[in-house]
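Sequence lines, in order, name chains A and B.
Mind the numbering: the first sequence is residues 1 to 420 in UniProt numbering, read in order.
Mind the numbering: the second sequence is residues 1 to 420 in UniProt numbering, read in order.
Quick caveat, the hints were computed from the structure, so don't treat them as lab data.
Each hint should be verified, as a subset may be incorrect.
The list treats identical chains as interchangeable, and a pair is accepted whether it falls inside one copy or across any two copies.
Said to hold, decoys possible - The list that follows gives simulated cross-link-like pairs (lysine-lysine, DSSO-like), each with its CA atoms no further than 27 Å apart: (1) 342 / 266; (2) 324 / 266; (3) 266 / 182; (4) 358 / 8; (5) 343 / 388; (6) 416 / 324; (7) 324 / 388.
Here the structure is a predicted model, which is why all the values come from computation and not from measurement.
2 protein chains.
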Amino acid sequence: MYRCSLEKMSDKIRTFSKFGDAGHGGITRYSLSDEAKQAREYYTEKMKKIGATIEMDDFANMYATLPGSDPNAKRIVMASHVDSVKNGGNYDGILGVISAMEVLETVVAEKIPHKHPLTAMIWTNEEGSLYPPAMMCSGVVCNEYLPEGIAKNFKEENMLASKSVLDRTTTFGEALEKSGYKGAKENRLSPDKYEAMFELHIEQGPILENAGLDVGVVTCVLGMFNTRVKFYGQAAHAGTFPMEYRQDALYAAAQAICYLHEEIDKLGHPELVYTTGEIVAHPCVHTVIPDYVDFSIDVRHEDPEVLKKVYQIVRGLDGPELAKCRCEVVDQWNRDTVYFDKKLVGYVKQAAEELGSKHQYINSGAGHDAQFAAYVLPTTMIFASSEKGLSHCEPEHTSDEVCTESASVLLNAVLKCDME
Amino acid sequence: MYRCSLEKMSDKIRTFSKFGDAGHGGITRYSLSDEAKQAREYYTEKMKKIGATIEMDDFANMYATLPGSDPNAKRIVMASHVDSVKNGGNYDGILGVISAMEVLETVVAEKIPHKHPLTAMIWTNEEGSLYPPAMMCSGVVCNEYLPEGIAKNFKEENMLASKSVLDRTTTFGEALEKSGYKGAKENRLSPDKYEAMFELHIEQGPILENAGLDVGVVTCVLGMFNTRVKFYGQAAHAGTFPMEYRQDALYAAAQAICYLHEEIDKLGHPELVYTTGEIVAHPCVHTVIPDYVDFSIDVRHEDPEVLKKVYQIVRGLDGPELAKCRCEVVDQWNRDTVYFDKKLVGYVKQAAEELGSKHQYINSGAGHDAQFAAYVLPTTMIFASSEKGLSHCEPEHTSDEVCTESASVLLNAVLKCDME
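Just need the whole structure built from these sequences, with the hints factored in.
The structure is reproduced here in C-alpha cells:
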C-alpha cells in the first residue's frame, strides 16, 4: 500500500486557501475569477514540475496527464473543481483537485509503476455561483450521454449565454474567452480516451463524523425532485381587514410547510431528506397581507418509490384550500438515482480496508460532476468526513489527517484500477 | 342640509386619476414627484378660482383658505394627502383632498355663511413610499405634541435626511428644496391658528360594504404593536444533512406562525387583527437549510388589555425551542389607541343622520395624519366605504355616489363645527 504525504497535503490545503481568502477562514473563488486563475496557475506549475502534460478543452476544463507504461491504455482521471460558492470553505471541490495532484506527485516521487496514463483534472464552474447552473461544464461535456430531461438544461449555447449574477451583463462565454484557459474541443473528456473517473470530495454532511469514521465509499448520488409550491391570496391592509375575510398567502404557506413535515415524516424513512430553503412573499411589507407566497421543496432519496410517495403528498397541496388561498404545485426538475460503477466502488472499498481507514458505504445527497461523468464512463466517488457536516460556508473543515487518509484511498483505488 | 355635487366630484376624481396614471386603473404618485406636482397645481388653480388664499409651510404642506365672517375665529381645516403608494388606487388620500376642495367650492357656490375661515389642506408625504416613514410631515409638524416614543421617530433632521428608496441617494430634504413647494415654518398647522381638523378617507377595509353602508363615523385609530420574530438555525446542505440533526430556521418560523394563529384566535376577540406581512429567509437558496428567518407581526386592537394578552403570546415564542432554533422577539414600535374628539365625532354622526346617509361608527385600523393632528387640536375622521375592502392597489374603488355622500357629510359636519 502507498500513502500520500501529510506534510505535502497540508501545504497544498494552506496554499489553495489563500486564493480567494475571504477573511473568516474561508474563500470566495468564483469560476474563471482572478482567484480561480491563481489556483489554476499553481496547479499548472506543480503538475508541469512532475512532467505532466497540460491540456485544456473548449470549456476551460483542465487535464494534467502523466504517461503510463502501456501506450494503448486509456487514461484514468481524478477530477474535481477549484471554484467555490460565495464565502465557501477550503475543502469543497478543491480537496479533490489537491488529492489528484498529490496522487500524481506520489506516483512520480515513489516511482510507482502504472500502465495507464493518469490524469488530474479540473472541472470548470461546478458551483455555478457566478454563472448558473451548477455542474455547468460537466453538463456540457457529458451532454450527449445524459438523459434527455437533464441534457436539455445544459445546452452548450445556453450555457455560454448564462449571465453573471453580479453584473447581470457579462456572459459565461465572454468570461471563457477572456480567461486565457479556453482550449480545444477535442480535449474534452470522452470514453474513447478515458478508462475511468474518480472524484474525491468532502461529505458535506455529518454521517461519517457521527459514526466515528473518516472515509466514505460512495455508492450513488441520490435521486431527487424539486418543486415550487405557490399560494395565491388577496392583498389587503393589515389594520383594516377583519381576519374572517382574509386570504393570507403567507399563513397558507406556513400551514403547508408544517403539513408537509407532518405527512412526510409519517412515511417513516429516516434516510429521506427534504428541504424548504427558499421562500418568497409578495409584497413583503409588514402592513400588508401577502397576496402571493411561493416556496421550494427539494426531496432526495435513493428509492424512486419513496420519492413518488413524497411527490404525491406535495401534489396533494393542490387540492384543499389553505387560508382560502388557491395553491399551485409546479415541478422544477428531478433526477434518478445515479449508481456508481460497481468495480470502481469495490476498488475504493478494498483500498480503504487495506489501508485500515475507518470507512463505510455512503450515498451522496449532493450533486457532483461525477454524476454526469457516470453516464459517459465508469465513475465513482470517495468522501472525506466533514466536521459537523458543515459545507458551503467558511467554517467548513476536514482535518489534514483525514484529507490525507482519503487521498491515500484514492491513490490505491486508482492503482487497483490501473492493474485491471 | 347642503349637498356636494355628484357631477363635480366625479369630474375631480377623473381629473386627479390622470396625475400618475399607472395604466391599470390606478396611479403611482410619489410625494413631490412630477405627478404629485400636477395634482398640487390643479388644486392651486381650482382653489385660487374660488378666492382661497394659498399658503405653504416649510414641509410643503399646503393650505387653501377661505375667509370667514368672524375676523377672530380660528380656521377649521379639512386635510388629506395627494401622494400614493406604488401602483395605488384613485381614492386613498386624494379623496380627502377632493372632498375638502368640493366643500369649499360648494360653500362659495351656494354662498353658505360661515364664521370661521375654512381650509382645504394637503399633507406632504403621508405614504412615505419614496421617502420613508409614512405620515412623515404630520409627524414633524405635530412633533412637540406627540408622545415621546412616537415623536423620536419623526425628528425633523432625520426626516430631511431620509433617502429615496429608488436611487438611495436623493434625500427628502433635497427633493423638498427642488420641489418649488417649500414655504415658511410659521404657516404650519398649529392650535393657535386652527380650531379643528377633519380628515375624510376611504375605509380600506370591507366592514361598511359588508354591512350595506356608505359612511363610517370614525371614533378612534387603533392601538397597535409591531414586533419582529427571529429564528437562528444552522445552514447545511439540503441533500446531505439528515433530518434529525437539522436546525431549520424556516421550519421553526412556519411553526411559529401557525402557533401564533392558534393561540391568538383562542383569545376570541373578533375585532382583533394581526398580520405577518414580511418574511425574510437566509440564505434563501433551494439547496440550503435556512440558518436565519425573521418575520414581522403587526397587531391592532382598541383595548390595551387585549394587545397586552397578544403581546404575551408573541413574547412566549422566546422560550421553547422550535426546530432546535433559538428565537428572539424584538419590539419595533407600538402606539396607544388615539380617540377622536367627541364633539367632532358627534357632528359627523349628526350630519350623517340628517342627510340620511347609511352609516355606522367604526374605528380605523390604518394610521392616518389625523392621529397625529389629534394630539394638537380637536380632530376626527370620516370614512367612505371601500369596495371589497381593497386599498393600496389599483383596483381600489369607491363609487362616485358614495364619494359624494361622504363629502356631503364632511360639509355639514364642518358647518356644525362652524356654528360652535
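Here is how each hint holds up against the structure:
Taking CA atoms no more than 27 Å apart as the test, residue 342 paired with residue 266 passes in neither setting, with 33 Å inside one copy and 59 Å between copies. Taking CA atoms no more than 27 Å apart as the test, residue 324 paired with residue 266 passes in both settings, with 26 Å inside one copy and 20 Å between copies. Taking CA atoms no more than 27 Å apart as the test, residue 266 paired with residue 182 passes in neither setting, with 51 Å inside one copy and 66 Å between copies. Only within a single protomer do residue 358 and residue 8 lie at most 27 Å apart by alpha-carbon distance; the minimum there is 22 Å, versus 87 Å between protomers.
Taking the closest pair of Cα atoms, residue 343 and residue 388 never come within 27 Å of each other, the shortest separation being 31 Å inside a single copy and 68 Å across copies. Taking the shortest Cα distances, residue 416 and residue 324 never come within 27 Å of each other, neither inside one copy (62 Å) nor across copies (45 Å). In this assembly of identical chains, the alpha carbons of residue 324 and residue 388 lie at most 27 Å apart only when taken from different copies (16 Å versus 42 Å within one copy).
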